[in-house]
Structure formats: C-alpha cells, structure tokens
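Undergrad: Sequence:
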Amino acid sequence: MKFLIYAVILILLLILIKETFEKLHAITVIVFFFILLYFLLSMLAIPFTEQLLTYVQSVPYVPQLVYSALFYQIGLFFQSLFDEKEYETFGELVMFSIRIVLLFYWTSEFAKVLSDFSSILEKLQ
1 MKFLIYAVIL
11 ILLLILIKET
21 FEKLHAITVI
31 VFFFILLYFL
41 LSMLAIPFTE
51 QLLTYVQSVP
61 YVPQLVYSAL
71 FYQIGLFFQS
81 LFDEKEYETF
91 GELVMFSIRI
101 VLLFYWTSEF
111 AKVLSDFSSI
121 LEKLQ
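This note's numbering numbers the first residue of the sequence shown as 1 and each following residue consecutively.
Treat the hints with care, since some could be wrong.
To be verified - Pairs of lysine-lysine residues, derived as BS3-like cross-links and limited to a Cα-Cα distance of at most 30 Å, are as follows:
| id | residue 1 | residue 2 |
| --- | --- | --- |
| 1 | K85 | K23 |
| 2 | K18 | K2 |
| 3 | K85 | K18 |
| 4 | K123 | K112 |
| 5 | K2 | K123 |
Said to hold, decoys possible - Here are the simulated distance ranges between beta carbons:
| id | residue 1 | residue 2 | range |
| --- | --- | --- | --- |
| 6 | L14 | S115 | 49 to 59 Å |
| 7 | K18 | V101 | 32 to 42 Å |
| 8 | F104 | I17 | 37 to 47 Å |
| 9 | L65 | T20 | 29 to 39 Å |
No lab work stands behind these hints, which were simulated from the structure alone.
Glycine included, C-beta positions come from ideal geometry on N, C-alpha and C.
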C-alpha cells in the first residue's frame, strides 16, 4: 500500500513538473524512475524473492531461476525507459547484453550438470 501512495505522489509531481517546467520534465522522469525502481526493489521485489527462496530451498536451481527472472525484468524496465525516450537502439543493446550474461551463466551451470552426468555414465560403463 505504501508503494501505491508513493506512485500516486510521483505521478502528481510529474504532472506538476510537466505543466510548469517542460524542459526539465525528461530529466526529472529519469530521476524519479530510478528512485521508484529503488523503492520497488528494496520494498517489494527483494523481500518477496527472499521469502520465496525460503520456501523452495531444497529445489535445485530455483534461486538461479528467480534471480535470472528478476535480472531480466530489470532489463525490460531499462529497455522500456530507453524506448520511451526514443533510444530504441540502446534499449535493444541493454537487452542483448542481459541475454548474453544470462546465457553465459546458464551455460556454465549446464556444463557443471553435464560433467556430473558424464561422470555418472562413465562409472556405469
């Protein structure tokens, strides 16, 4: 509920700034985006992630999946911010880099599983 109140106050401030100082509106939107993103992550996303991980600690790869999804969602936020400011190329570059980072991470995780699996197969022969 607290987050919704912050969002309403933020919208009112942005409308006020847009109507009075048109040239400052773009930079103010970006500043408020990062402030709101910080509140979203610190008040909602990270506590939810920690609570979710306490429930499913025994399930393999769940923490990695949850953090990968959170990282990907943050990338989508940045991409939409760049798209809104008409920097679509930078938004695509951000998402490309996030996909590459996640691909490298999951490739290394898959390599560990594959080496374990191949060692098990060697023992069975």
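Undergrad: If you test the structure against every hint from before, which numbers come out violated?
TA: Hints 5 and 9 contradicted; others consistent.
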